[in-house]
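J.: These protein sequence lines map, in sequence, to chains A and B.
Position in the first sequence (from 1) plus 5 gives the number in this note's numbering.
Position in the second sequence (from 1) plus 129 gives the number in this note's numbering.
The reader is advised that the hints may include incorrect statements.
[As the list claims (entries may be wrong)] DSSO-like, lysine-lysine: derived pairs with alpha carbons at most 30 Å apart: (1) B/Lys-238 x A/Lys-148; (2) A/Lys-93 x B/Lys-180; (3) B/Lys-180 x A/Lys-148.
[As the list claims (entries may be wrong)] Okay, the calculated beta carbon distance ranges per label pair: (4) A/Met-457 x B/Ala-218: 18 to 26 Å; (5) B/Ala-218 x A/Asn-484: 28 to 36 Å; (6) B/Gln-217 x A/Ile-182: 29 to 37 Å; (7) B/Gly-189 x A/Ile-48: 47 to 55 Å; (8) A/Val-194 x B/Ala-144: 18 to 26 Å; (9) A/Tyr-94 x B/Gln-217: 45 to 53 Å; (10) A/Thr-467 x B/Ile-186: 30 to 38 Å.
[Stated by the list, open to error] So these bits of chain B aren't anywhere near chain A, every CB distance computed over 12 Å: (11) Phe-132; (12) Ile-137; (13) Ile-149; (14) Ser-182; (15) Pro-183; (16) Pro-187; (17) Gly-189; (18) Glu-191; (19) Pro-196; (20) Leu-205; (21) Ile-222.
None of these hints come from the bench; they were simulated from the model.
If you're wondering where the values come from, they're calculated on a predicted model, not measured in any experiment.
Cβ coordinates follow ideal geometry from the N, Cα and C atoms, glycine included.
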Amino acid sequence: MLLLWNKVNLHKYINLFSSIISLIISVIILSSTISNKIISLQIGSWAAPFGITIVSDLLSSVMVVITAIIGFSTALYSIGTIDSQREKYLYYPLLQFLLMGINGAFLTGDVFNLYVWFEVMLISSFVLLALGGRREQLEGAIKYVTLNLLSSAIFLAAVGILYGIAGTLNMADLARIIPLIEQKELLTVVSILFMVAFGVKAAIFPLFFWLPASYHTPPVAVSAIFAGLLTKVGVYALIRFFTTIFTHNIEFTHTILLVSATLTMLTGVLGAVAQNDFRKILSFHIISQIGYMILGLALFSPLAIAGAVFYIIHHIIVKTNLFFVSGVVKRLKGSYLLNEVGGVYKFYPIIGLLFLIPALSLAGIPPLSGFWAKFVVIKAGLELNQYFVVGVALLVGILTLFSMTKIWNEVFWKDDPTGNNRNINEVYQSLDKTKKLLIFIPIIFLALITIMIGFYAEPFFTFANNVAAQLLNPKEYINSVLGMR
Amino acid sequence: MTFILAIIVGLLYGAGTFMILRRSLVKVIFGLIFLGHAANLLIFTIGRLTKGSPAFIPIGAETLSEPYADPLPQALILTAIVIGFGVQAFAIILFKRAYQTVGTDDLDKMKSTDELQ
Numbered sequence: 006m007l008l009l010w011n012k013v014n015l016h017k018y019i020n021l022f023s024s025i026i027s028l029i030i031s032v033i034i035l036s037s038t039i040s041n042k043i044i045s046l047q048i049g050s051w052a053a054p055f056g057i058t059i060v061s062d063l064l065s066s067v068m069v070v071i072t073a074i075i076g077f078s079t080a081l082y083s084i085g086t087i088d089s090q091r092e093k094y095l096y097y098p099l100l101q102f103l104l105m106g107i108n109g110a111f112l113t114g115d116v117f118n119l120y121v122w123f124e125v126m127l128i129s130s131f132v133l134l135a136l137g138g139r140r141e142q143l144e145g146a147i148k149y150v151t152l153n154l155l156s157s158a159i160f161l162a163a164v165g166i167l168y169g170i171a172g173t174l175n176m177a178d179l180a181r182i183i184p185l186i187e188q189k190e191l192l193t194v195v196s197i198l199f200m201v202a203f204g205v206k207a208a209i210f211p212l213f214f215w216l217p218a219s220y221h222t223p224p225v226a227v228s229a230i231f232a233g234l235l236t237k238v239g240v241y242a243l244i245r246f247f248t249t250i251f252t253h254n255i256e257f258t259h260t261i262l263l264v265s266a267t268l269t270m271l272t273g274v275l276g277a278v279a280q281n282d283f284r285k286i287l288s289f290h291i292i293s294q295i296g297y298m299i300l301g302l303a304l305f306s307p308l309a310i311a312g313a314v315f316y317i318i319h320h321i322i323v324k325t326n327l328f329f330v331s332g333v334v335k336r337l338k339g340s341y342l343l344n345e346v347g348g349v350y351k352f353y354p355i356i357g358l359l360f361l362i363p364a365l366s367l368a369g370i371p372p373l374s375g376f377w378a379k380f381v382v383i384k385a386g387l388e389l390n391q392y393f394v395v396g397v398a399l400l401v402g403i404l405t406l407f408s409m410t411k412i413w414n415e416v417f418w419k420d421d422p423t424g425n426n427r428n429i430n431e432v433y434q435s436l437d438k439t440k441k442l443l444i445f446i447p448i449i450f451l452a453l454i455t456i457m458i459g460f461y462a463e464p465f466f467t468f469a470n471n472v473a474a475q476l477l478n479p480k481e482y483i484n485s486v487l488g489m490r
Numbered sequence: 130m131t132f133i134l135a136i137i138v139g140l141l142y143g144a145g146t147f148m149i150l151r152r153s154l155v156k157v158i159f160g161l162i163f164l165g166h167a168a169n170l171l172i173f174t175i176g177r178l179t180k181g182s183p184a185f186i187p188i189g190a191e192t193l194s195e196p197y198a199d200p201l202p203q204a205l206i207l208t209a210i211v212i213g214f215g216v217q218a219f220a221i222i223l224f225k226r227a228y229q230t231v232g233t234d235d236l237d238k239m240k241s242t243d244e245l246q
């Protein structure tokens, strides 16, 4: 799974090839996790809880599969769009390092190891973000780097205190030991520290300010992979920690998560309304969508967590695809600003259609994937009588639709501001057939997955239910890792 | 010993928080470095200090004799220091590059990414 090539030549093809390989391997892992329960690997044959453990349960393995899908799409899209200057400065190896960090974070079964994978992921994302060195890139990167380093410091401190209390850092061992620990107050403090640390990475309210400041600055392929995967690593860590490990004081911790989730949804979507930049609107929508996932976690019923998992699967694919489309529009019309573009639908109705699928899915229009994701989370909320939160979630859905309609009107529907709808940027004209094809294949691929999740929601939903059941009953996880039968 | 270290950790956290809230890039970097060191020392202190008895098995013996220092926090800190060092070096270069490109080290003036277009 770890893709560690660093050859300077043939970066593109090695990158593409390794993405395909990792896609195949991840599907194999997923299928064996589904049939054989949880797989764990003790690195260096040190038995858990002493060595580092790599664990693949249902949640981890599905995340790895999605990472591989996104990695593959981005690999294709990058070949079509990334300039030779960036390619020369090790763009593709960095992409692979990023994917390695993300996969590692999903698969590890050790808290400190998770920290290490976070750092691998962060340092490659720092470089990818700053590569190119334009003014707004550097400014965005400063905010991104500072806040993420801060969250890493908090994470590290939390790891230290947790070790001081529990005497172990293996997640399964922690899940076993924590109910036995007497100092509940101290545990709550540690869990809040973890919540803040992961909250910064997941961009939940009020810790999200680095995201809209930085995500619209790098090239589209980079924005897309960041938007799809990076925040979701934070969400994954939150789900893992607050279902498997910290369940000693649900009333306190999950209430904080609930309030935060509600505010995250609202601020994200309201922030998007004010924006005029295609990618900034999408960035703010990432925040509001993160709110739904955290909402699912905070409600803490099996159905709600299944909803959160479903939401993550749907969101990663849709969001990455929207960023890809924004890149196509930029290439076509030469700008991301909504008031400077227009008329795309008249001559390129296919691009319009390809935008519409993920956009409507994001807003939750049936029968696309977003509808089912929202439906499950909201149904879980209704079952728990959280009417206010459900109301907010529905309102945010409508506002999302409003935002997407705004993009649709401005970019695709209205006439080009120059008055000539055939006004095509020379960047697009200069692209040859293969490059155009490379740009469109990943978009179509991801749109097809969105439609598939929408129309065949049943198996995905059953799967998400199984994930939730596994998360809420950590016994199986503990037994698999610690080797108790 | 634990008491002194606890005070130092507190001071480092205080100084780091103060520095990171400054507007100057250089001070922000110092703040980040302080916070990193504070976290490292915190792990060291909270992993229970044992003076003068490293975790080596004496020649001829089969197991460790009590009391011995827990080697795991030390391993954690070592990893954290290495990672922190790399990341901080990157951050310093990034900040220098930003200073050269933007022409100011005042963070309040670096807000072009947050403005509405």
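J.: For every hint, state whether the structure bears it out.
T.: How the hints compare with the structure:
1. Taken as a hint, the B/Lys-238 and A/Lys-148 pair is honoured in the structure, with Cα atoms around 13 Å apart against an allowance of 30 Å.
2. Between A/Lys-93 and B/Lys-180 the alpha-carbon distance is near 52 Å, which puts this suggested pair outside the 30 Å criterion.
3. Note on B/Lys-180 and A/Lys-148: the hinted pairing is violated, with a Cα-Cα distance of about 41 Å set against a maximum of 30 Å.
4. In this structure the hint that A/Met-457 and B/Ala-218 lie 18 to 26 Å apart at CB is violated, the actual value being about 45 Å.
5. With their beta carbons about 43 Å apart, B/Ala-218 and A/Asn-484 fall outside the hinted range of 28 to 36 Å.
6. Take B/Gln-217 and A/Ile-182: their Cβ atoms lie about 34 Å apart, and the range 29 to 37 Å holds.
7. For the pair B/Gly-189 and A/Ile-48, the beta carbons lie near 31 Å from each other, so the given range of 47 to 55 Å is not met.
8. Judged by the Cβ atoms, the range 18 to 26 Å given for A/Val-194 and B/Ala-144 holds: they are separated by roughly 22 Å.
9. With their beta carbons about 21 Å apart, A/Tyr-94 and B/Gln-217 fall outside the hinted range of 45 to 53 Å.
10. A hinted range of 30 to 38 Å for the beta carbons of A/Thr-467 and B/Ile-186 is inconsistent with their spacing of about 52 Å.
11. Remark: the non-interface label on B/Phe-132 is consistent with the geometry, its nearest Cβ contact in chain A lying 16 Å away (cut-off 12 Å).
12. The beta carbon of B/Ile-137 sits about 14 Å from the closest Cβ of chain A, which is more than 12 Å, so the claim that it is off the interface holds.
13. Some Cβ of chain A comes within 12 Å of the Cβ of B/Ile-149; the nearest lies about 7 Å off, and the non-interface call is violated.
14. The beta carbon of B/Ser-182 sits about 18 Å from the closest Cβ of chain A, which is more than 12 Å, so the claim that it is off the interface holds.
15. Here B/Pro-183 stays apart from chain A, with its beta-carbon at least about 18 Å from theirs, past the 12 Å limit.
16. Listed as a non-interface residue, B/Pro-187 keeps its Cβ farther than 12 Å from every Cβ of chain A; the least gap is roughly 21 Å.
17. Annotated as non-interface, B/Gly-189 keeps its C-beta farther than 12 Å from every C-beta of chain A; the closest such distance is 24 Å.
18. The claim that B/Glu-191 is not at the interface with chain A holds, since no C-beta of that chain comes within 12 Å of its own (minimum 18 Å).
19. Look at B/Pro-196: its CB is around 15 Å from the nearest CB on chain A, clear of 12 Å, so calling it non-interface holds up.
20. Listed as a non-interface residue, B/Leu-205 fails to keep its Cβ farther than 12 Å from every Cβ of chain A; the least gap is roughly 6 Å.
21. Listed as outside the interface, B/Ile-222 is inconsistent with that label: its C-beta sits roughly 9 Å from the nearest C-beta of chain A, within the 12 Å cut-off.
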